[in-house]
Each structure stands twice: as structure tokens, then as C-alpha cells.
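Fit chains B and C to the given chain A structure using the hints.
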Amino acid sequence: MPELFPLSPVHYVAAPLLAAFLLPLVAKLSRSFIKILPGLTFLYVLYVSAVLYPQALQAPIIEQIAGWAPPLGINLYYGPMAGLFASLFSALGFIVWLYSLTQMKQEPLDRFYILLMMLVAGATGMVLTGDIFNLFVFMEITAISAYSLTAFLREDDKAEAGFKYILIGSLASAFVLLGIAILYSYTGTLNLADLALNMDKVPLSVRVIVFGLFLVGFGIEAEIFPLNGWAPDAYSAAPAPVSALFAGITVKAALYALARVTILLFPFAGSMALISILGLVTLVISELAALHQKNLFRMLAYSSMGQVGLAIAALGLFTAEGVYAALFAMINHAIVKGMLFLTVFAMAGGSATLDGLNGMGRKKPILSLLFTLGAFAIIGLPPFSGFWSKLSVLTAMGQTGNYAMIAIVLATTIVEAAYFLRATGRLYLSEGNPAEGKTPLSAIAALAVLAAGILWIGFFPGSIDETLTAGAQDLLDTAKYTEGVLKD
Amino acid sequence: MDITGIPFFLAVSFGGAFLAYLMNFAHRFLRNAVVLLTVSASAALLFWLGDETFSMEMGGFVLTLGKTPYSLFFAGIVALLAVPTVLFSFTYMAKEERPAMYYLNLLITIAAMYGILFSLDLLSLFIFWEIMTWSSFLLTIHKGGNATKAGVKYFLYSAAGAYAILFSVVILYNMSGSLLIEDVARSFVLQNPLMQLMLAGTLLFGFSVKAGLMPMHGWAPDAYAESPAPFTALFSGALSKMGIFGMGMVLYQIFLQSPFSLPVRELLAWAGGITSALATLRAIQQTDAKRLLAYSSVAQLGYIVMGLALGTPLSMMAALFITLLHGVFKAMLFFAVGAVYFRTGLTDLNELRGLIRRMPVSFLTVLMAIISLANIPPLGGFVGKWLLYESLIQSDHYFLVIVAFFSSTASFLYVYRLIFSIFLGQEEKEFEHVKEVPFLTMQLPMLALAAVTFITGIFPGIVLAPISSALTYLGFPIQHDMWSMSMLFNEWGNRMNLLAMISVIGTVFLTGFTILYFYRMRRTRYVTTKDIHTSGEVPTENENLTYAINFYQPFERAAHPVLSKSIRAWIDWIGRSVSELGDFLRHIYTGDGQTYAWYVVLFLTFMLAAGSWIL
Amino acid sequence: MKKLLAAFLLGFIGYYLYTAFAGVPFGENKMEVGKDYLETTVPKTGAVNTVTSIVVNYRGFDTLGEVTVLFLAATGLGAILFGMKGKPEDKHREPSSILTTGAKALFPIIVLLGAYIFIHGHLTPGGGFQGGTIIATGVLILILGIKSFHANHALLSVMESLAGITFVVAGILGLAFGKNFLENILPLGTPGQVLSAGIIPIIYIAVGFKVGAELAGVLDTLMSTTRGEE
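Chains as they are written, first to last, in my numbering: chain A, 1 to 488; chain B, 1001 to 1615; chain C, 2001 to 2230.
The following block holds chain A by itself, in its conformation from the complex (with noise of 0.2 Å):
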């Protein structure tokens, strides 16, 4: 095999096209294929990950697709940063999978799986891409399975859910795709590295527009305030399993997208900044207005933003150490939400509120123990993993002397023990009889599989450390980026 199908970044890509593509086909042969055939695409990419990842440790991976060196084809870059993203997301697309088997039961499934192949294909692309256009692509591709996946339940306000997503996001994409063409026409180059080195024949003063115009396209899609009216909605009309891909995916690849973009092409001080302003707004309001919420999946939807906030804001420190703890707090809460989301819908359905937790410690404790697990792991509790990325993100933040900037991310976390220990404390209401039903074993088995990642790296966080620290130096070296990039 590997003589005659070489492995190659473009597989992550691909192949789920592929299976999508081949879907419907082999639906008319057994029913039983439509969940079958995305589980092996997830194991697939799974392994070209195993096989890839630790050779663009070494050395980062770079494709030129149909063999046009860049500037004139596509190219694909497969650096540290960029194997850290596609292979998260390729687990978490395999976890989600193999809990949807028995949770998901919503018709069509065909499509379901199709979308949900393509929302991990789409953000995989976004992280791999050099190419600004391509990137656009992808990020169309992700942000359309998103919103069919979001009215995917097909009620009144799911539909309603769906729809506000597509507006903003149509707004994401017109304001990209904007500023995509205003690089163009001043360079007329769509390969980022190139970009980067042409970006003096743009006026400083036409920058400024593009970078508001990219901050802001990308920024929808990572859930920054103000842009992030559509998730608090998408997030709990959307089926769990694809809430939870929100959560770990879809935020990531734009997050990815804004730092890449933002640290080749703008590299001021200025935009630095404000980014880590906008996460640390994002973080405080978000936090506070989850501090209310009485239904679950908001309440999440909330902590999500708050999470990915505290990620920016460790990301716009631009250090290395900030774009670790950045990276570190993306890792953590890609597992731990998921894991979350996974875990209510498990235990309360789609629907839940506070309410619908009170006494799950006796009727599922193995849930409830999970959700615990989860919660203590996403306020950053030692020995868990959230303890270590908040604690990164402190000390990145320690080491460039901002000191406010600690004392709020603290102050947050409190108000994020309130209500994620409010829901805790609802499991262990005396109420409802000991173990009723049962949940399914791919469902315990997905959750078991998150949990011992949370454990994993709570107990050894130095086993990701050497993974952190190799996408951190590709993130900031922009110079070895386009240099490698470029080199023929």
C-alpha cells in the first residue's frame, strides 16, 4: 500500500471526500455501510496522522497540489501546528462517530454522515491549506455542513437556529472573501507565504481594512464578541454529537485561520493586542452570561465562548510561550466540552435544563461521574487537564508582566465553578431511583476514550508538551513558513 498510495497531507482531505462521494453509492447496497464507511474514514485519517504527525515534527510537510509550486498552484502546509489541528480533529471526528452510532438516530443518516465527514474535512482543510482562496473554500465547506447540521432536527426553531447562522455567517464569508480580493488585487498573489513576503505593496491604511475585514470574517466563526450572537443558538439547536464538533472543531480551524493570517500578514503590535483584548472580552461576558443559563446546551454554548476567549486572549499574546498556552487551552477544551456535550445528551437528551439533571447521580452515576470529570476538568481543577492549559495560559501571561490580565482570567474561573458546580451539585440531588437504563456502550466508549485523554493529561502533561511547544515555534516562524514554502 504505502508504494502505492504514498501517504500525503491532501489525504486528510480526500479521503472523506471520497467516502462522502461514495455514500449515497454504497447506501443502496446495505444500510448498514451509511455507518460504517465514516468510521473508517475517521480510522483512516486516524492513521495518516499516526504515520505523518511525528514526520512533521521533524520536518513540516509541505504538498504542492496537481504540482504547481506555489505562488502559482495550491500548496498544502503540514507543519507541527497544523498535524496538532488535523490530528485532533480527526480523533475527535472518530469519537463523535463512535458515539453517534447509538445516539443519533435523527433521519436521514446518509446525510448526516456525509455533513458531519465534511464539517472535519472542511476545518482539517482549513488548518492545512497555504492558500488564502483555498482557505475561503474550506472555510465554506465547514460553514455549510455546519448549517445544515445546525437545522439538521428540522423543528421550528432549529430551523430558526440555522438560519441565523447562515446570516452571520454569509457575513463571514462576504467580508473574508472581501478581503481575500482586496490582497489580490494590490499583490496578485493568493499563496499566504508569498503574501506574506508582498505584503509592503499594500498601503498601511488598506491593511487596516483588510485585517478589520479578516478579524471580522474569521472572528464569526471563532466566537469573538461581539460576533458570536448565531452560536449561543446553533450550539443547542444542533445535535449534540455536532455541538460537541463545534466546540472542537469548527472554533479551532478559525482560530487557526485568524493566528495564521494575523501572524504572516499583520504582525503589528497593535493587531496583536487587540486580539488578546477581544478574547479577554469575549471570555468575561460570555462566562456571566452562561452564569444564568438554565438550559444546558446554552449554558455550554456559553462556556465554549468563554473558553475559546481565554485561548485568544493567550493566543494575541503572540509569545511563544502564549501561543502554547493558547494551543494547550484549545487541546483541553476541544476534549473536555466535547466530552460535556456528549455527556448531557447522554444523560438528558437534547433538550436539557438544570432541571433535567437533578438526581442523575442515582439514575446514571457512570454519566454523572463523567459530567463531574468534565466539569471539574473545564473550571481547571488539578489533577486534570484543564488545570495545566489554564495554568500555561497564567504563566504566559505572568511572563509578559500582565498581571490584570491574570487576576481576570481567575476572577472568570470562579464565575465558572459557579454554574458548572451548580449543575454538579443538581446530579447528586437525592431524587429518581438508582440506575435506570442504560446508555449504550459506544456512547460510554466515546466518553471513556475523552475522559482518559482529560486524565491522561492531567496526570502527564508532559507527554503533549513537546507537541505544544513544536506548533508554537511553527505558528511564530514566519520567516522558516515562507521560506519553505517557497523554496523552488
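Hints listed in this document are in silico derivations from the structure and should not be mistaken for laboratory results.
Keep in mind that a hint or two might mislead.
A short, non-exhaustive set of chain A residues, derived as facing chain B with CB atoms under 8 Å [to be verified]:
| hint | residue |
| --- | --- |
| 1 | 44 |
| 2 | 46 |
| 3 | 226 |
| 4 | 233 |
| 5 | 289 |
| 6 | 293 |
| 7 | 295 |
| 8 | 403 |
| 9 | 404 |
| 10 | 417 |
Far from chain A, by Cβ distances over 10 Å, these chain B residues were calculated [claimed, not checked]:
| hint | residue |
| --- | --- |
| 11 | 1183 |
| 12 | 1267 |
| 13 | 1350 |
| 14 | 1419 |
| 15 | 1433 |
| 16 | 1462 |
| 17 | 1473 |
| 18 | 1569 |
Where a beta carbon is used, it is the ideal one built from N, C-alpha and C, also for glycine.
This is chains B and C only, laid out in the frame that chain A set:
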């Protein structure tokens, strides 16, 4: 692994927790055996703990563990209370649900306390601190119902404290590049004084939350009242002392050289004094046995902080002595109240009465404990309080002496109410079938601790020896003849100079009893509890006319001006305001797509305008 | 008031966008990439139509993405409208027989035109997207002209899938031959011939089929939902 090393010690402590959790699925006897074995093993291992330190790297930080004489003293308290606590739990928790979770969290809490004590760097201290907090949170909410609210409150106060600590830790790490307490201390003195004040202030604030120092004591009454009784004993007796441990560490290992050290300690001493006075008054008001004990705990912690903050060798000795003794007698009280609850299902002082013949051992426990609490010789409490007075006077804090003396005296009122309402008075029909609690698992822990109060009262030297090495470690100039610091001890220091005192006090008491016996007891008249004057009114059935109702009404009227203002209400108000702010902010997300589009467009406009303005 | 503010804001943003575009130096030769395309397309790709060579070859990955976007839109629409039934309506008049006959007569011609356009995509203006859309309009005419007309969904979906698979497999074959994804593996042929430009026509034909099938499918889904049929 070296069995005298700290890693092995912690591995046993934490490992036992998970083993017990797993064993729960096998058989409960097996589980109980593992639980008991774990706490006894770690208690025993304390004696053999080696001196070498142990470092490991975790997430890019170097964590260092090791023992110090100071931590060993506190570890002793933990061990001393942990064994009776688990023993008491066996029968007490047999009726409760989810025992596996209970023991898991209990053992994690205990192990985390050891972890805190044996941390030589601030990060591992924080890690264990947080583990202790969440495991004790889970224990607090174990009962469900009101406990949930109390637990969340406890956690939020703790989180405020813990993050204040973390704030400092991160900055200190940034300044000194090391987490080791000694390195931090070295670079701490190089900072400017205001920075020092801020860092030490946040650290002290964080630790004082756990100690329940006013104004951050709001969590304590609820959390103590709602958590399962055996755990409450450990909670108040050992867990809250972790705050004392941390404060001592900050004050004397890090902050001592700062110009602000003295004023801050003076302030803390006053905070301690006020805490003890106000909490005592509050305790007197309580009608629930556990809440009463909760406020009493807050008050006692106030004394300890007072002694700790004064910072004379004698006051430190007093503080550490009370730390131990308070742990012991408060555990006894919580056990006894727990025993009563176990048999009657009640903790309300207005409902309970006359249990003395039904539960004599519990009565004896409470009696011993309150003698100790009220500082009556010959039990241990007396020694501590005496040392405290002596040190206050020696350091010229006369006003604080008055405060301390006032609250000590006032504490008679609530301990009297406690023992009187529960055990004395006439037996009631409804308690006819109440039996004493089982001996091995419930009486034994109580009696063992009672013996401790007795022994420490007669031979304080047993406790003073570890205290003196702890104080030497903290840098206090303790001479070999530390005993001469107080007039309390004989010249060898291993025993109290008791003879004179006991004879005086004994005489007074004997005389009193004799007079009472001849004057009152003979005229004992049996009445029913309903036979209380009702001023001509015919009482309805729902009116509870027990004598325990409005026990201290005149007193409460007198104390009303002080007690009507509640600090807790202020902090609750802050919490509510944040919550309302959250509710307000939630309405930013109107649910209207058009509004969101407006936000986007406005934001872009703003960005463009701001961007071009800056250019 | 709200509208006024909206107008003002749009004007404001518009002004900034205008200044951004107004500053573009017009007519200057800044387009190194564009120049490269214009000069080297024919020898390098064998496609006479430069636009097609860019769309399918240089930026073929984007095109794959665009095809996917369309595919997703169709899939999403199917998912959201799944099982949904509109009100059975009676308002629509029967199409007249002229329309019906005309539709039947026009359909093959339209399909032929569409096929011509996407088969000659690498030679003349036009290509897979355009050809596919034209084919879909043929289907639209059928839907409008014949009341009982139903597109064969199974057939459409098979066509769609096969076309998509062809595109991806064409890409993967590049990898299999030790080259890059979507890289040409066929002889370039003589520029100007139908059988030239390597895999470009193959991909464009696949795109044509795919776009045609998808749009036809979307139209039919929408029609049957509004008509109250399944």
C-alpha cells in the same frame, strides 16, 4: 520505591482511595478494611518518613516534595483525626447512599492534606490544595438537598481564595523563576514593598478563606452543618487548619522581612480577635447543634489566627497548641452530635432533650470536649488558651486580651446550651428507644479523642516538643528551656504546674457543688415539659414550649445591634450582583438574527473607524 | 431611524472598501502569477482555454472544494427538507400542451448543449459548471412543463456520486503514480484537440455531470416539497 519516601507515602494515601472505591464493588467489609488500613498505614508511615526530598517534573514545572518539622506537626493532626473519622464513618455512613463515592472522596481529601503539607514548592501545594477542595466539595454535597447549596457556596469561597493564591504563585514564579518556597522567599525580599504587600496579601487572603477568618467565613456554617458528621469532624478539625498552615508559611517563611509584615500581622491579629468574638455571639444564637459547632469552629480559628499573627514564640506556641486541641475536641463534639443524629435523626436543639441516660458515652464525650473548649483545667484546651493570654499580655495587646477573654467567657453560653439541650432535662417518650451507639466504630473514636484531651492537659510536653521543632524550623528562637516562657509549666516542662491550680479550681467547684446539692437538689420536683408558665395563656399543641426555646433571648436582645449586620449578607450581595450582571449580559444575546447582524456591522464599523483613527 | 442608521453604516463601510479598492494601481503589471499563467499555460497544461487550466489544474483543489460546496448544499437541503411535505396545491394551472411538447422537444437539445460545453471546457469558454447548469435548466423545463414529471432521484444520486468519485480518484491517481494530488498523469496531447490537456477534460466532464445532477436534484427536491409530493 523507598518506603520511607514521600512518594511512597502519597502513593499509599491516594492509592488506598482508589482501591477502596474498587473494593466497594466486592464487599463492604473489604472496602472498610482497605479504608482503615490506608489511613492507619499513612499515619504509621509518618513516623518513618525519611528526610530526603523528592522532585519531579510535571508540565514543565519542577514539583518538590519533602517533610519539614512544621509540616510534620500538621500531618500529625491530620493523622490523629483521620483514623477516628474513618472508624466513625463505618457505622454512621452505613445508612447513607453512595458509600463508594464517600470513601473515595474522604480518602482523597486526607491524602491531599498530606500532599499540601509535604509540598516544598508553591505549585504542588496549590495542586493538592485544589484536590482537597474539590474532594471536600463532593463530600459536602453528599447528602443532597440543602447540602448542594452549601457545598457550592463552600467551593466558591474556596475558589476565590485558591485563585488569589494562584495569582500570587504565578507572579512569584515569574519573578523568581522557581517554585520552591525557599527560592521564592529569597527573591521576594528583592521586590518593592508594595508588590510584596500585594503578593503576600493575596496569599494570606487565600489561606484565610480556608481558615474561615472573617469576613470570608460565610461558607463555614452551612458547609459544616450540611456535610456528613464524621467528615465534618475532619473538615473543621484538620481541613480548615490547612489555612493556618499556609498562613504560617506565608507570614514567617516569605513575608517576614517585608516592612509591611508587622502592620499586616497586627491587622490579622485583630481580624482573628473580631472573628472569635463575633462568631461566638453567633454561635450562641444557633438552635442547630451542627451550626452551633460550626460557628464555634470559626471562633476558635479566630484565636489561632490571633496567636499566629502576633508572632512571638509564645503566641505561636499557643496557636499551634490550640490548632491541635481544637481539632481534637471539635472532632469529639461533631462525633457526639453525629452519634445523636445517628440515633435520633435530629440536630435541632429545640427538639432534643434528656438523652443522658440513653447515650451516656456521647454525653461524656461532649462533657470532656466542652471542658476542653471552655478552657477549664485539667484538659488540654486550658493550656492553649492560657498560653494565648499570656502571650497577648506579654506583647502588650491588652485590648485583644479583653476580646479573647470576652469570647472565651461567652463560649460558656453556647457549650452549656449544647450539653443541656441535648442531654440534660427530662427524658421524652419519643426518645425511649434510643440506644447508645455501637462501641467499636462510634464510641471508641470518641473516647480515644477524649483521652487525648486529657493527656495533653496533663502532659503538654508531648505536644510542645514537636511544636518547638516546628517553630525552630520557621525561624523562631526557641531555646531548649522553652518551658520557662510560660509560668504554666513546671521546670522540666513535661508537665503542667498544675497542683496549685487544680487545688484552687477544685475547691471552688467542690464548694459550689456542695452548696447546690444541699440547696437545690433536694428540692427536685418532677414536672412535665409542658408544665411551663404560659402567663395565663392556654398553649396550643403546635407551640413548642421546651425550655430550650429562646434559650438566650435576653442575651440576644442585648447583642442585637452587633449581630443584626451580617458580613455574610454583604458577600452574598456581591454574589447576587454578579449573578444579576450575568443575567443582564445574557440579554445581549437576544435570539434575534437581525440584532446579531447589527452587532457584526457595528463592530466592523468600529474597527475600521478605530483603525484609521489610530493611523 | 433604524434604516437610516443602517444606510449610514453601510455607507461608512462602503467608503472604506472603496478607498481600499480605489488604491489598487490599475494597469500596472503587478500580477506575476497572472503573467505566469498567461505565458506558460498552453505548453504546461495542454489546455487552450487558460481559465479552464487555472480552474481545473492550477487551482483544481479549489474546484474540488467548490464542487463539494455544491454537493453539501444539495445534501443539506435534502437533509432539512427530508420527509417534509408541502400543502397539496391546486392553484397551479395545468401546463399547456405547447409547453409540455416544447419541453420534451427542447430537453435533449439543452442536454446536448450542456454536454458540448463541458466536454470542450478546455478549448472554448465554458466548462463543467456552466455545462452542468445548462443541463439542470433542461430538467427545470421538464419539471415546469410536465406536471407528473419526476426526476429519477436514484439515478441522479448515482450520477452525482460517480462523478464526484471520478474527480477524487483522478486526484488520487496522481498520487498513485508517484506525483502530486490532481497532478496530470495523462499525455498532454496536441493543444486544441478534444483529447488533449491530460486529465482536465475528464475532470471537467465529471464536474459537468456532478453539477448537472446536483442542481437537477435540488430543483426536484424543492419542487416536490412545494408541490406536496414525496
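**Study point:** Interface hint compliance - residue 226 of chain A to chain B, C-beta minimum distance less than 8 Å
**Key:** With a closest approach of 4 Å, the residue 226 of chain A hint holds.
Review point. Once the closest CB in chain A is found, is it more than 10 Å from residue 1569 of chain B?
Key: 18 Å, holds
Check your understanding: Is the shortest C-beta separation between residue 46 of chain A and chain B less than 8 Å?
Key -> Violated, because the Cβ-Cβ distance from residue 46 of chain A to chain B comes to roughly 25 Å (cut-off 8 Å).
Review point. Would the hint on residue 404 of chain A stand, with a C-beta cut-off of 8 Å toward chain B?
Key: 11 Å, violated
Exercise for review: Have a go at the residue 233 of chain A hint: is there a Cβ in chain B nearer than 8 Å to its own Cβ?
Suggested key: Cβ of residue 233 of chain A sits 7 Å from chain B, so the hint holds.
Review point. Would residue 1433 of chain B pass as off the interface with chain A, using Cβ distances and a cut of 10 Å?
Key: 26 Å, holds
Exercise for review: Confirm or reject the statement that residue 1462 of chain B sits farther than 10 Å, beta carbon to beta carbon, from all of chain A.
Suggested key: Holds, because the least Cβ-Cβ distance between residue 1462 of chain B and chain A comes to about 36 Å, which exceeds 10 Å.
Check your understanding: Against chain B, is residue 293 of chain A within 8 Å by beta-carbon distance?
Key -> 7 Å, holds
Review point. At a threshold of 8 Å, is the proposed contact between residue 289 of chain A and chain B supported by beta-carbon distances?
Key: This interface hint holds because 4 Å falls under the 8 Å limit.
Check your understanding: Looking at residue 1267 of chain B again, its CB stays over 10 Å from all of chain A?
Key -> 22 Å, holds
Practice item. Decide, holds or violated, for the assertion that all CB atoms of chain A are farther than 10 Å from the CB of residue 1419 of chain B. Key: The claim stands: residue 1419 of chain B keeps its Cβ more than 10 Å from every Cβ of chain A (closest is about 32 Å).
Practice item. Return the status of the interface hint for residue 44 of chain A: holds when the least beta-carbon distance to chain B is below 8 Å, violated otherwise. Key: 32 Å, violated
Violated hints for the displayed structure, listed by number in ascending order: 1, 2, 7 and 9.
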